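Colleague: Sequence:
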Amino acid sequence: MKQPLFDFDLKRVSRQHYITGKAAINFPLPGCSTGGWHFLSYFDREAGVAKVSLAGIHYPDTHAFFGDTGITDMTEELRKRGWPVEDRGLFMADHYRAAADMIVKWALSDSTPCNVEVAEWFPSPEARSRLLKVLDLGKPQLSELHRLQKVDAWLSSQ
Numbered sequence: 001m002k003q004p005l006f007d008f009d010l011k012r013v014s015r016q017h018y019i020t021g022k023a024a025i026n027f028p029l030p031g032c033s034t035g036g037w038h039f040l041s042y043f044d045r046e047a048g049v050a051k052v053s054l055a056g057i058h059y060p061d062t063h064a065f066f067g068d069t070g071i072t073d074m075t076e077e078l079r080k081r082g083w084p085v086e087d088r089g090l091f092m093a094d095h096y097r098a099a100a101d102m103i104v105k106w107a108l109s110d111s112t113p114c115n116v117e118v119a120e121w122f123p124s125p126e127a128r129s130r131l132l133k134v135l136d137l138g139k140p141q142l143s144e145l146h147r148l149q150k151v152d153a154w155l156s157s158q
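The sequence shown: position 146 = 146 (this note's numbering), numbered continuously.
Bear in mind the hints are in silico, worked out from the structure with no lab data behind them. Remember, it's a predicted structure, so these values are computed and weren't measured experimentally. Incorrect hints may have been included.
Derived lysine-lysine pairs resembling DSS-like cross-links, with alpha carbons at most 30 Å apart [stated by the list, open to error]:
| hint | residue 1 | residue 2 |
| --- | --- | --- |
| 1 | K133 | K150 |
| 2 | K51 | K80 |
| 3 | K139 | K150 |
| 4 | K11 | K51 |
| 5 | K51 | K133 |
| 6 | K150 | K80 |
Produce the entire structure from the sequences given, and follow the hints as far as they go.
Modeller: Structure (structure tokens):
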């Protein structure tokens, strides 16, 4: 049976299985101009549906690539937006970690196109540089898995 691409609630969200991918990219972070602008596509509080991808479940576990870089406790931010939080932390990748997770997922696959839109999601030189710094953390692991050349070739086209 094929693994679902999303969870439709926040019940399995934890520090280990944090929200990543496009749901995290499209979550508006306070004081941040990076990421996407399709928040309601992933977090529809009115309908009570959160369409989220979780690290280590829907996405590879990238802890060996990036450690805890960019994993943030978003419990209070989600509570402010009306999501039931209960007595546990809800963790999410920041935009840089989410994009890096997406790039690693692509690099480990046989897919040719990478759906990370660097210029659109990280429009300033500073934002792009910050993304590249996160990716630099994963280079030893990508090299060990013989996937670094794929990522470097893709990055040079961005």
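Colleague: Given the hint that K51 pairs with K133, does the C-alpha gap stay at or below 30 Å?
Modeller: With a Cα-Cα distance of about 28 Å, the restraint between K51 and K133 holds, given a limit of 30 Å.
Colleague: Going straight from one Cα to the other, do K150 and K80 come out at no more than 30 Å?
Modeller: Measuring from Cα to Cα gives roughly 40 Å; hence the hint is violated.
Colleague: Under the criterion that the straight-line Cα-Cα distance not exceed 30 Å, is the pair K51, K80 satisfied?
Modeller: Satisfied, since the Cα-Cα distance of roughly 18 Å is no more than 30 Å.
Colleague: Please work out if K133 and K150 have their alpha carbons no farther apart than 30 Å.
Modeller: With Cα atoms ~17 Å apart, K133 and K150 stay inside 30 Å; holds.
Colleague: With the threshold set at 30 Å, check whether the alpha-carbon distance from K11 to K51 stays at or below it.
Modeller: Roughly 12 Å separates the two Cα atoms, so the pair holds.
Colleague: With the threshold set at 30 Å, check whether the alpha-carbon distance from K139 to K150 stays at or below it.
Modeller: Between K139 and K150 the Cα gap is close to 11 Å, so the pair holds against 30 Å.
Of the numbered hints given earlier, the model fails hint 6 alone.
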